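**Student:** What follows is the residue order along each chain.
2 protein chains.
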Amino acid sequence: MAASLTAYRIKGVWYSRIKLCRKFFERQILSYVALRKSSISADSQFEVLELLMDLCQNRHFLTSGHIRMGFVNSYGPLGAELKRNLISQWWKSVVLSREQVFGVETLHHLVTATGQNESSLKVLDNRMFEEIIKNEELTKKQMVASFQELLHKGGTLRKNLIQGAIEQYVYSLNLVNQKLPFGLAQIGVSYEPETISVELSDSVDSVSEVTSASLVWFSAARTSSQWLDYWVRQRLLWWRKFAIGPSKFISSDYQDNEGNKGTALYYNFPSGKEPVEVILNLGNRQLLQVHHGNGTKIQGRDGRKNVIPCVVSVSGNLDRGVMAYLCDSFHLEDSTVLKKKMQHRKVLKIHPNLAPIKVALNMGRGPTQELRQVCQGLCQELLDHGIAVWPGHLETVQSSMEQLCLKYDEMGVIFTIVISDSTLENGIVVLRNRDTTMKEMLHISEVKNFLMKYIDAASNI
Amino acid sequence: MAASLTAYRIKGVWYSRIKLCRKFFERQILSYVALRKSSISADSQFEVLELLMDLCQNRHFLTSGHIRMGFVNSYGPLGAELKRNLISQWWKSVVLSREQVFGVETLHHLVTATGQNESSLKVLDNRMFEEIIKNEELTKKQMVASFQELLHKGGTLRKNLIQGAIEQYVYSLNLVNQKLPFGLAQIGVSYEPETISVELSDSVDSVSEVTSASLVWFSAARTSSQWLDYWVRQRLLWWRKFAIGPSKFISSDYQDNEGNKGTALYYNFPSGKEPVEVILNLGNRQLLQVHHGNGTKIQGRDGRKNVIPCVVSVSGNLDRGVMAYLCDSFHLEDSTVLKKKMQHRKVLKIHPNLAPIKVALNMGRGPTQELRQVCQGLCQELLDHGIAVWPGHLETVQSSMEQLCLKYDEMGVIFTIVISDSTLENGIVVLRNRDTTMKEMLHISEVKNFLMKYIDAASNI
Chain A
1 MAASLTAYRI KGVWYSRIKL CRKFFERQIL SYVALRKSSI SADSQFEVLE LLMDLCQNRH
61 FLTSGHIRMG FVNSYGPLGA ELKRNLISQW WKSVVLSREQ VFGVETLHHL VTATGQNESS
121 LKVLDNRMFE EIIKNEELTK KQMVASFQEL LHKGGTLRKN LIQGAIEQYV YSLNLVNQKL
181 PFGLAQIGVS YEPETISVEL SDSVDSVSEV TSASLVWFSA ARTSSQWLDY WVRQRLLWWR
241 KFAIGPSKFI SSDYQDNEGN KGTALYYNFP SGKEPVEVIL NLGNRQLLQV HHGNGTKIQG
301 RDGRKNVIPC VVSVSGNLDR GVMAYLCDSF HLEDSTVLKK KMQHRKVLKI HPNLAPIKVA
361 LNMGRGPTQE LRQVCQGLCQ ELLDHGIAVW PGHLETVQSS MEQLCLKYDE MGVIFTIVIS
421 DSTLENGIVV LRNRDTTMKE MLHISEVKNF LMKYIDAASN I
Chain B
1 MAASLTAYRI KGVWYSRIKL CRKFFERQIL SYVALRKSSI SADSQFEVLE LLMDLCQNRH
61 FLTSGHIRMG FVNSYGPLGA ELKRNLISQW WKSVVLSREQ VFGVETLHHL VTATGQNESS
121 LKVLDNRMFE EIIKNEELTK KQMVASFQEL LHKGGTLRKN LIQGAIEQYV YSLNLVNQKL
181 PFGLAQIGVS YEPETISVEL SDSVDSVSEV TSASLVWFSA ARTSSQWLDY WVRQRLLWWR
241 KFAIGPSKFI SSDYQDNEGN KGTALYYNFP SGKEPVEVIL NLGNRQLLQV HHGNGTKIQG
301 RDGRKNVIPC VVSVSGNLDR GVMAYLCDSF HLEDSTVLKK KMQHRKVLKI HPNLAPIKVA
361 LNMGRGPTQE LRQVCQGLCQ ELLDHGIAVW PGHLETVQSS MEQLCLKYDE MGVIFTIVIS
421 DSTLENGIVV LRNRDTTMKE MLHISEVKNF LMKYIDAASN I
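In order, the protein sequence lines correspond to chains A and B. When the letters of the first sequence are read in order and numbered with our numbering, they come out as residues 1 to 461. When the letters of the second sequence are read in order and numbered with our numbering, they come out as residues 1 to 461.
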């Protein structure tokens, strides 16, 4: 009874919230229900997760609406920026800092027919559909035939970015003078038919969207297993680099539905591990298939030999990555101020490179007009140098410094700057650090360089 | 006869190439055919355009394949990087450098039913479709009903990013303390049913994808026309900033199919102007509709008053933007070397901020091993500082310096660096500028700073 009540609560509260990573959360919830049956300690873990979800919604990381009203869940401004930062770090690490990886961009829908028995999402023009329906002369059989043709014509939404890159392989060979190894990378949305259990969903749309980051690496067969190991090491280091608890990112053997072997990198969420990136050795089957087995055309040079390359695929789920770093960075801390109210200070200790907002500007005591001008000047200077600023000086609702810091900690803002009448006198601002909660004094002219060095240093650790 | 032959040639050569911006090129071709009938000067313009398209394909800006073989046209490595740079400049200009614009990210498919009579692209799960077909008990009428339900369930692919932002409006109001004006921005793919004339297409898929950049700006009705003017000015300046021929970007009045008025920014392509960005005053109709006319919920603060805001929409087509800058930057120059062969030197004078590759490294005369090491060191230093490098030192095919420069000019590489035995002696490298073709000497230790300053200076003009 207790378990089913909990499930109901979960269904009511959680489900409507986290449609975004629906499949993921479905599993989280189911494993929570299982845990709940077996032990008590799961309760506190669930409460932590629930606090995090509340925070993500209140602080504009994830948005949500009522499904029946037709709203879709997606990223709010802070979540969108966090994800953008994650995307740009992935790209920097895999593409921009390497000589042999090139970015490509392919279409979201594939015209090539993929396996017919596989489940997939088809696109179709509703005018054409209406035309077929309106044609009353068609027999049932003819109508089915027309629909099938229509479906065939519209193309299929891509399930991953691998095929797009493989299609570009021959064209790209030319770019590298036929020399192996090299890689083609792409970040974009891929689509899956929704397979959520009916039990948990009443009126749900049937499409799930994921932002994938994909590297397709072409190397000689003799070196492909070394390259697989290389990319596993590289990618695991990368995921751990931005984490407070790096050991929650782990690697383990993996095999996909088609029998391809490799390694998956998991994040250990409160209720179980979920893969954030999968590295697989795909062999040359798909390459031969896409290029119609044209062996000579697809040969690359490995030293002095011409060989048909093997494909190693690195495929990350960046939406799940965002969830992983939100969980990783979420900390509950005792606060003397709040203890009486039985509350904790909630902080998102997001890595400086990923934090959506680096610094918040606020006005302390002093003449409003002048302070606002100073804030505006500093704000523009920081924005011009690509530092994301929260313009707290534009807010018209008065808040105490404590309230502000509580809010900024929940937003994952790294530094809070207060500009007050003493700034007007001697140029000194107060700078508070999210992670240490320490306050420091700094001359206003040094703020920009200090922040740039701080963020830069974090990326080189 | 001549015209129809030309059309055939266009169909054969062009059409298979430029599926990417298909609708756009269809119109280009049709207007070319019209021009061809009326004057002679069109010929040379067309030849220039054809040279550009050859270059884009040879130099890995745009890729293509044979449609019947199932390949899709899309961006090659250089085009993908050019587009990425354009996207990041748009984002910087509209979002990152402003206090009142926030990025969001919404789903590619909408669950809300849009106007039923409108043409739109529906998504459907082919397993469900197969299930309906296999059910032999269904009458024709029942089958139609099942299909209609299936279509309703799958959702619609978005045609623009406006609705996604408007759905997030109420949630975002909270973020800005109800204070108007503010904006929500997003860059992503949107979809259109393909409306290419049958005459020009044999076996074409029916979906067209465009990368849209969208700002939805919420302001009080009394100021919305001022804001419209503001954004038109800002956006026109932005497009012109990166152009060699800024006057080819022009603005003129525009009205969309639904009667919304505003201004469109056009690029004057060789065969006619095409809009690259449209700024419209959408009023509050859609806002009220999405939020079910809930007037109090959608009110924002304009000074001391509570008002229902007006929506000004800025909507750019970044794929067409890429084409515009490719046309703009394409220059044919007389070359003494090539004159005998009746050829021109082809250069893509792409703006330093947009150029996909900033610098190419090459080895001159000297000991191969040592020179390669020096190149590798410099290459890594530049990559680490986010400067896109072409690793010419990895190429094993020998080319003369002249051949290399011809190639790099076509790729739009801004600087070509040659490292030779004199570099080993005194650290001096030779640096050749794409636009001036002048060669300069520079100490190898100064290369990184020189390039960073050069690119930075270009963004502040």
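For the record, the hints were derived by calculation from the structure and aren't laboratory data. Be aware that a few hints might be false.
Heads up, the list lumps identical chains together, so a pair's fine if it works in one copy or across two of them.
Claimed, not checked - The calculated SDA-like cross-link candidates involving lysine to any residue, where the alpha carbons are at most 20 Å apart (straight line), are: (1) LYS273 <-> ALA221; (2) LYS407 <-> LEU175; (3) LYS407 <-> SER172; (4) LYS241 <-> LEU96; (5) LYS153 <-> LYS448.
In this text, all values refer to a predicted model and were calculated from it rather than measured experimentally.
**Student:** Against this structure, judge whether each hint is valid.
**Tutor:** How the hints compare with the structure:
Taking identical chains as interchangeable, the C-alpha atoms of LYS273 and ALA221 are never at most 20 Å apart, the minima being 32 Å within one chain and 51 Å between chains. Taking CA atoms no more than 20 Å apart as the test, LYS407 paired with LEU175 passes between copies only; the shortest distance there is 12 Å, against 50 Å inside one copy. Taking the shortest alpha-carbon separations for LYS407 and SER172, only the inter-copy value of 16 Å comes in at or below 20 Å, while the best intra-copy value is 49 Å. Taking CA atoms no more than 20 Å apart as the test, LYS241 paired with LEU96 passes inside one copy only; the shortest distance there is 18 Å, against 25 Å between copies.
In the homo-oligomer, the alpha carbons of LYS153 and LYS448 never lie at most 20 Å apart, since the shortest distance is 55 Å inside one protomer and 51 Å across protomers.
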